[in-house]
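If you're matching them up, the sequences are chains A and B in order. For what it's worth, our numbering labels the leading residue of the first sequence as 12, then goes sequentially. For what it's worth, our numbering labels the leading residue of the second sequence as 29, then goes sequentially.
Please note that the accuracy of each hint is not assured.
Pairs of lysine to any residue residues, derived as SDA-like cross-links and limited to a Cα-Cα distance of at most 20 Å, are as follows [as the list claims (entries may be wrong)]:
#1 A/478 with B/194
#2 A/409 with B/192
#3 B/171 with A/479
#4 A/362 with B/211
#5 A/408 with B/194
#6 A/409 with B/188
#7 A/478 with B/234
#8 A/362 with B/178
#9 A/408 with B/186
#10 A/481 with B/211
#11 A/537 with A/511
#12 A/409 with B/189
#13 A/408 with B/149
#14 A/408 with B/169
#15 A/409 with B/186
#16 A/409 with B/237
#17 B/117 with B/178
#18 A/478 with B/168
#19 A/478 with B/77
#20 A/478 with B/245
#21 A/481 with B/188
#22 A/481 with B/241
#23 A/408 with B/185
#24 A/478 with B/244
#25 A/408 with B/234
#26 B/158 with B/168
#27 A/481 with B/244
#28 A/409 with B/185
#29 A/408 with B/188
#30 A/362 with B/245
#31 A/409 with B/194
#32 A/408 with B/76
Label pairs and their calculated CB-CB ranges [stated by the list, open to error]:
#33 A/491 with B/244: 26 to 36 Å
#34 A/488 with B/225: 28 to 38 Å
#35 B/164 with A/491: 50 to 60 Å
Quick caveat, the hints were computed from the structure, so don't treat them as lab data. As the structure is a computational prediction, the values presented were derived from the model and not from experiment. Backbone N, C-alpha and C fix where the C-beta goes; we use that ideal spot for every residue, glycine too.
Now for the letters of each chain:
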Amino acid sequence: MPRIGVFVCQCGNNIAATVDTKKVAGDMSKIPGVVYTCDYKFMCSSPGQEMLKQAIKEQNLDGVIVSACSPHMHEKTFRKASEAAGLNPYQCEITNIREQCSWVHHDPTKAVGTVKSIDLTRMTIQRLKKNQPLKKIKIPVKKKALVIGGGIAGIQAALDIAEGGREVILVEKEPSIGGNMARLSETFPTMDCSQCILTPKMVEAELNERITLLTYSEVEKVDGYIGNFTVTIRRKSKFVDEERCTGCGECMEKCPFKVTSGFELGLNKRKVIYTPFPQSVPNVPVIDAPNCPKIQKDKCGACAIVCGPKCIDFKMEDKLVTEEVGAIVVATGYQLMPNERFGEYGYGRIKDVISGLQFERLASSSGPTGGEIRRPSDGKVPQNVVFIQCVGSRDEKKGVSYCSKICCMYTAKHTKLYAHKVHGGQAYVFYMDIRSGGKRYEEFVRGAIEHDGAMYLRGRVSRVYEKDGKIMVQGADTLSGSQVEIEADMVVLATAIVSREGADTLAQKLGIGYDKHKFYNEYHPKMKPVETVTAGIYLAGSCMGPMDIPESVAQGSAAASKVLVLFSADEMAREPITSVVNRTTCNACWDCVTACPYTAIERDTIKDRKGNIIRWVAKVNDGVCQGCGVCVAACRSKSIDLKGYTDEQVYAALSAF
Amino acid sequence: MKIPYYPGCTLNTVAKQFDTSARDAAQAVGFEMAELPQWNCCGATFPLTPDNIIGLSAPAKVLSSAARQGDTLTTLCSVCYNVLKRTNKVMKESKEKRGVINGFIEEDYDGSLNVLHYLEVLRDRIGFDKVKGAVKRPLKGIKAGAYYGCMLLRPFEDMGIDNAESPTIFEDLIKALGAEAVEFPNKIECCGAHLALNNEEVVTRLSGNVMTSAVGNGAELIITSCPLCQYNLEKSQGALSKQNAVPVIYFTQAIGLALGQDIETLGFDKNTTDVMPLLKKKGIV
């Protein structure tokens, strides 16, 4: 006969107001197998937990039920307490009589709530009788991490993991790490030079012996599960031997061919053998194969001739490398919405209509104009510049319903940079709302308006067109209720931040979720902001949504700390709530394999003594299984059960109702 | 090729030249506009309140009548096109509204019709290349500005005739006819539309802006596809000085002209500003 204890919580008045807890406890004591019952004001409090522990010991209980709030709240608390008293923690069950009972019934006579609480608790008792003691699953952990994306978030994550004493592989698809931050001129609200605060971190990442930099590389395939991932990485051919290259730059000097620079966003040209920018890390050039005449039609080859260490190899091919890692941090960042979608603002047709990132390059001392604000069409210094905010953002019609978050701040920064560099110039800003939440952010925007004289106009721009060499900007000033027309020399669009192209493909490789905008989903937006639903994979930075530098850095560090926690023990313990296949009845229809959202079910074989395959059966990988139970529902031969939620347990509970 | 055709009230009365020139041009490039045997007014405004479905019954009746003639319906007037196309979308996509409207007009129409503007027929079914091949009297030397107005394009997601903010279908046609297309920023701005009835001042200002913008960018001739735009633009010629007044004609008249049709049949006498001096100046007639 089982020896079960039932503890009914009053939760102050949360439960006691509509449930007669004393009656619930009293009724339960009459059920066979229940040897101890009580009710108490706050079961989760220290004295409450002590009561539980004491009862387990004194009454020699082999199972306990706490009828209280949702198991999401305190299941862990009570299981821990049970364990401390020597009980298998999975012999402790929670009945939810708060969220699913007392909170939804308002009967002051307590009749409804009490009856329902009695029913619910009775069901749990019958269920508990069928419980099996479970053991936590131990999984070995490879103490090496992979960080995907070498922007500021990825660099920060890699540095912190390395500082914590663990090996890191940092994969970046461009020839240099640095990401979008390397493009910026100054950063709000402190006006630090972006390169000045970023490049030390880039160099640190390069010099740290625990970090392996794999630039010009992309993740091709991800297998395995938390603690035990196998990752295949494509190392795109640089046509330059990284080991031997000294970074002298002679090849770039001598290369006679120029193409539009992607790093400079079309504002400048670069050589066909190139590093994206002077401070590139690693300082190893790559050959842009589609544009290289030597590679395409065997003409030229000047770079190979001048190369001292002879490290250029036109026959070099892509390499696939396989790495075993225990955790993955995804920090793939963002891109701007393609500007072709803004016909009304003339982008693409009018040369001096540029994006915010292009303005960053114009203002950057390492940019195409050496930091002077000169417009792209004729190199003149613009005297009137119109900044248009929310270009695409907060606009369902353009497919972007969200606020891009950083544009209000960087536009204010742009007006300041412009005011400091072009004395006498006038900046106009069309905005919808100013969103400057953040430390010293509001003051920064006020400074742009009050100190640096930016003219802020609340309203939208309807049309941008050219007239007599000027760019005419037509818009509404909704505060004065009038239509305005501004003759501008240059227009800067604060284009919406969108997810990176291919973000969805990578998410599918990793098995992590993304929203309709293809931004990656965190496990819980508040309580688990850098975790994903796939254990062992963490997120950092603007691959999750628009984010500024401080936030990206904080998330990089947060993800790193999660990785370090995972790596702190040789084995990790996991909840044993996983599926188990009955190998005698499984008929290998593989419906479960198709149904499993975590690819946790494998095809296994049963062999005879001679090693011949007799039968195929499904096998659950405990490391990957999240215990969702989809396979249980899918299994036609009822050969799969979920530990802790077995059919036997569920039917026992149902038949007690 | 016979394509069912809905002329609409205006083309049957004050814009008769739009209708006749279009029919003649169609004949010349190889299709026939088969006027619906029975039709009524399209209603002229697409109901702005979402639940005002009674206003959709008139256009729905036109559509169901057209569905008996074929799978396509073409029309010329921008307003008719707008109303018919958007009503068709409602009939196709909203089961609930379709049921109510069909019940009211005693028809059983499911929105299967393909509503095309005459310009779309030329571009997608005939091809501007073929139109170009049929040109006998190229409009060489004429700088023509295309005025789209609102109804042909908006709302973008419903109409889908061309690029949302910088359409080129008219310019492509103008080039096919041998003329030079003039770009001007106001080509998709509103002309003032029905405010001509009760607030003429607004129309004078808006249409005036369109005209000055077009002429300022070098347009000597303006082509359009909407009788109301044509009326408003012609009326606002006052915004320009006398010698700057430029003719505003229907695009089908321009096609007829280029295809070498008899000038007398193109109905230029019905347009307020005489196009003949320009044609003579350019040596076209």
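| said: Name the hints, by number, that the structure is in violation of. | reply: 8, 11, 13, 14, 16, 18, 19, 21, 25
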